[in-house]
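So you can see what is in the structure, the chains are spelled out below.
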Amino acid sequence: MQLAGARFTDASAAFGNDLATLPNFPAEIRAPAGTLAGVSAFQIHIAGGDILTPGDSPDVLVAMNPAALKKNIDDLKPGGVIIANTDSFEERNLAKAGYEVNPLEDGSLDGYNLLTAPMDELTKEAVKDSGVTGRAVLRSKNFFALGALAWMFDRPQETTLDWVAEKFASKPEVVAANTSAFKAGYNYGITTEAFAVTTFEVPPAELPAGTYTNVVGNQTIAWGLIAGAQAAGLPLFYASYPITPASDVLHELSRHKNFGVKTFQAEDEIAAVGVALGASFVGHLGVTGTSGPGVALKSETISLALMAELPLIIVDVQRGGPSTGLPTKTEQSDLMMAIHGRHGEAPLPVVSASSPSDAFDAAIEACRIAIKYMTPVILLSDGYIGTSSEPWRLPDVAQLPSFPTTFATEINHDDGYMPYLRDPETLSRPWAVPGTPGLEHRVGGLEKDQLTGNVSYVPANHEAMTITRENKTKAVANDIPDIVIEEDADAEILVVAWGSTYSAVLAGVRNTRLEGHKVAHIHLRHLNPFPKNLDEVLARYPKVLVPELNRGQLSRLLRAEYLTPTESLSKVQGQPFMAAEIKAKIIEMLEA
Amino acid sequence: MATTYTRQDFQSDQEVRWCPGCGDYTILASVQTFMADAGIPKEDVVFVSGIGCAARFPYYMNVYGMHSIHGRAPAIASGISAARPELSVWVVSGDGDALSIGGNHLIHALRRNMNVKILLFNNQIYGLTKGQYSPTSEPGKRTKSSPMGSIDHPFNPVSLALGAEASFVARTLDMDRAHTIEMLTAAHEHQGSALIEIYQNCNVFNDKAFAELTAKDSRDANQIRLVHGEKILFDGGTKGVAIEEGRAFIVDVEQYGDDIVHTHDATLPDPSTAFALSRLAHGPHGPTPIGIFRDAPRAVYEDALDAQISSAIEAKGEGDLASVLGSNGTWTVG
Ligand code: SF4
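Sequence order for the protein chains is A and B. One point on numbering: in the numbering used here, the residue at position 431 of the first sequence is 423, and numbering is uninterrupted. One point on numbering: in the numbering used here, the residue at position 96 of the second sequence is 140, and numbering is uninterrupted.
Derived by calculation from the structure, the hints in this document are not laboratory data. The structure presented is a predicted model; accordingly, all values stated were derived computationally and were not measured. Some hints here could point you the wrong way.
Said to hold, decoys possible - When the alpha-carbon atoms are kept at most 20 Å apart in a straight line, the in silico SDA-like pairs for lysine to any residue are as follows:
{"#": "1", "chain 1": "A", "residue 1": "Lys69", "chain 2": "B", "residue 2": "Ser371"}
{"#": "2", "chain 1": "A", "residue 1": "Lys69", "chain 2": "B", "residue 2": "Thr376"}
{"#": "3", "chain 1": "B", "residue 1": "Lys86", "chain 2": "A", "residue 2": "Tyr409"}
{"#": "4", "chain 1": "A", "residue 1": "Lys62", "chain 2": "A", "residue 2": "Ala89"}
{"#": "5", "chain 1": "B", "residue 1": "Lys360", "chain 2": "A", "residue 2": "Pro227"}
{"#": "6", "chain 1": "B", "residue 1": "Lys360", "chain 2": "A", "residue 2": "Ser246"}
{"#": "7", "chain 1": "B", "residue 1": "Lys360", "chain 2": "B", "residue 2": "Thr376"}
{"#": "8", "chain 1": "A", "residue 1": "Lys69", "chain 2": "B", "residue 2": "Asn372"}
To be verified - Some residues of chain B that are not near chain A, with every Cβ distance over 12 Å (derived):
{"#": "9", "residue": "Cys63"}
{"#": "10", "residue": "Arg100"}
{"#": "11", "residue": "Gly109"}
{"#": "12", "residue": "Ile120"}
{"#": "13", "residue": "Gly175"}
{"#": "14", "residue": "Lys185"}
{"#": "15", "residue": "His232"}
{"#": "16", "residue": "Leu270"}
{"#": "17", "residue": "Val271"}
{"#": "18", "residue": "Gly280"}
{"#": "19", "residue": "Lys283"}
{"#": "20", "residue": "Ala366"}
Every residue, glycine too, gets a C-beta built ideally from N, C-alpha and C.
Let's have the full structure, built from the sequences with the hints guiding it.
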């Protein structure tokens, strides 16, 4: 296993000199979009001093002190991960390195994914019973860092620990100290949720011309929401409760108050969605963000938004479930909850992001639908998209969508203001906000009369309203692009995917084509309603494969909706697909 | 600009559906009268409620309103007020809605000092679901869900609000319209959260719960009127409230004179004295303070939120999307 092997070829460097270089640590996780390799490589540097490896730019820099940060930061890839030992970032070391202010605190590392831990303290505590004393104690802190890395990248612990036992066989106290420190680092990763980074990817071999930046999905969702609110001409109001792996959306938006963005850290998940809905009622774009457990808690309020017919966006950065599940690991298992997870007949539009850069467009699309159709919209991201980075070609801001909001300002009916008098095409109701004289009205969770909005228990009215709400969600299909088939339209097999599996599925499909097979591929952004031509596209292929990081949720939706005999490829290990897994399944189906 | 209104301007066209004789009718009339007097432009008023008998209130007010879901009104109202601080935002809730299912939102709205006025209709029973004991029901109360008597210890809503450091806390009685309107006016004028506990008679499931406080022959002996700046005297001036070592207790003025009687100061920054006064009440029984316990200035959430936005704009300029998108550093291809 690479951790011990490649890293510790030079044990003295790792230990005595407080320095280790870890080249080409295989991620074997994410095949970047458009590349053929199923395996990408990245590097980790654990630096106590200057690392001289010309030409290399690492993905992860472990900075044990300020000097190491200063000397190596320029080599780190944009958007890379910095793991810093906060204990060594004190005045004397900062001054020695030439820092006037602590770079961990002044925002200068905002372009990176900064993860911190007080490693001296934690290591001292971990090794206190090992028999190692004095200055030797802190030598084990590299192993604390390694333990944390092993957690982040799902490396088994045994290999490193076996290596330690062998290497230091003559010094049992060193074995004990390094083992404890390594485990402490690993456990720190588990318990604090501080190191929620799934993986990284290298850029595709050939990028189209343009200006690029490196982005992580939680950041692009935040930016997309700002862009969506601007497109609508509405102030953005984001209310959220801290939860892994969605908190970074709250952090990011909190930094952009100069856009007029209001952020609100609520007392719980239910309050967060309530606050957002309140903001929407008075004419802001109300958004709440969370992960699966939070969506479960918000369900009743989402139904209220649906009944009151107010715009609201619920961002779900999915993680492994059920219950607390795997907070830092990725999964796509909230799809059914997004589509069906409410009491009563409660359909709403569901939109998904397929990569960190795509999350920007997906967020704008969620804003557009929510406002145009006066409806809550669930935007599905996941831990993989949320915490991993990729290069993004910067869009031309002037070319972004624009969908200015029209508030109701006039009486719309002979008998007064009718809050449920609908647009015949979108079935959307008018949005009259407090402060508008003469349009005072009440909304709420009780069934509404289809015109006046007054409480109505009339049986036929409830049925009419139930069907109207359903038709309104269906009407969104008139307004979204037809699905486009990628690769071989005339193939025998179609691969249907959604969300963060995009790059792995695409690489798997292309690798299969390289071997002379024909494969068609579609990737869905809109999961409710589906694009209008999906029915016809599915019907064209005798074999349909649906790879998902769940137990076949989209597959079942397609079967239920279109009676298509889909085949599911399921993975629920908290890890993304590998391209090879997709390819193997396609070939198996082609040969069957 | 103050607008001239009559009470009718605040009546909606919806038929009021509470049980005949319910205390909610009187409260509705008091609120509508208050609104007409206060002259807040009608379009700037928002009423939010949760679930329960009281929660029907917004349908009967001809202003903007939301009849939301159980317990969540303080959260929704917080969003409304944080988004649009210029609005006059009111929550109507009951003892079950505010203190049981929605307890968390209530204390956090008060803690943050959201500029939201919360009317807590306390009838000490679940009325809408036909008569189970509530979080303010007295111990031993026999109801359908407590046939052998409730074993729950009740909340004192005023103590609870003061514990959450609410900056305005008052108690009034449904039947006393003048006093209710006085409390509403003070709450409206207060900057920040206000909680008014309104003892409300549910004549169907918990009739006469507050009779000791409202009946002609007992009310003088049991209503302790709190008036800012005045000594706390009641029962025709024969009794008073003294505070010693942080505890409030009732003294016989005829015996001890009125020197030891406490002079009420609602504006004290520390809520301890108000809390001590709140402990005098024992549910619906015996002498009970009525009036404003606390009306103290404290930083208002909405002001602080808007101030942060202004200072962010001052420091960084109006947000520019293109520069944010490039803020991680960029490189060029091709
Ligand atoms: S049940 Fe009680 S509180 Fe509810 S409307 Fe009837 S009298 Fe009023």
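These are the hints, each one checked on the structure:
For the given pair, lysine 69 of chain A sits about 15 Å from serine 371 of chain B by alpha-carbon distance, which is consistent with the 20 Å threshold. In summary, the hint linking lysine 69 of chain A to threonine 376 of chain B is supported, as the alpha carbons are separated by about 15 Å, within the 20 Å threshold. A distance of roughly 15 Å separates the Cα atoms of lysine 86 of chain B and tyrosine 409 of chain A; the hinted pair therefore holds under the 20 Å criterion. Proposed proximity of lysine 62 of chain A and alanine 89 of chain A is supported: the alpha carbons are some 7 Å apart, at most 20 Å.
Using a Cα cut-off of 20 Å, the hinted pair lysine 360 of chain B and proline 227 of chain A holds, with the two alpha carbons roughly 18 Å apart. The suggested pairing of lysine 360 of chain B with serine 246 of chain A holds, with an alpha-carbon distance near 14 Å, which does not exceed 20 Å. Restraint check for lysine 360 of chain B and threonine 376 of chain B: not satisfied, since their Cα atoms lie roughly 26 Å apart, outside the 20 Å limit. Taking the CA atoms of lysine 69 of chain A and asparagine 372 of chain B, the gap is about 11 Å. The hint holds against a cut of 20 Å.
The non-interface label for cysteine 63 of chain B is consistent with chain A: the shortest C-beta to C-beta separation is roughly 17 Å, beyond 12 Å. Chain A draws arginine 100 of chain B into its interface by the beta-carbon criterion, the shortest separation being 9 Å against a cut-off of 12 Å. Distance to chain A contradicts glycine 109 of chain B as a non-interface residue, since its nearest Cβ pair spans about 4 Å, not more than 12 Å. With 12 Å as the threshold on Cβ separation, the claim that isoleucine 120 of chain B sits away from chain A is violated: the shortest Cβ distance comes to roughly 4 Å.
Non-interface call for glycine 175 of chain B relative to chain A: holds, since the shortest CB-CB distance, roughly 22 Å, exceeds 12 Å. With a closest Cβ-Cβ approach of about 29 Å to chain A, lysine 185 of chain B is found to remain outside the 12 Å limit, as its non-interface label requires. Every Cβ of chain A is farther than 12 Å from the Cβ of histidine 232 of chain B; the closest lies at roughly 16 Å, confirming the non-interface assignment. Annotated as non-interface, leucine 270 of chain B keeps its C-beta farther than 12 Å from every C-beta of chain A; the closest such distance is 30 Å.
No Cβ of chain A approaches the Cβ of valine 271 of chain B within 12 Å, the least distance being about 34 Å, so the stated non-interface status holds. At roughly 45 Å, the least C-beta separation between glycine 280 of chain B and chain A is larger than 12 Å, which holds for a residue marked as non-interface. Here lysine 283 of chain B stays apart from chain A, with its beta-carbon at least about 41 Å from theirs, past the 12 Å limit. The beta carbon of alanine 366 of chain B is not kept farther than 12 Å from every beta carbon of chain A, the shortest such distance being approximately 4 Å.
Taken one by one, the earlier hints fail for this structure at numbers 7, 10, 11, 12 and 20, listed in ascending order.
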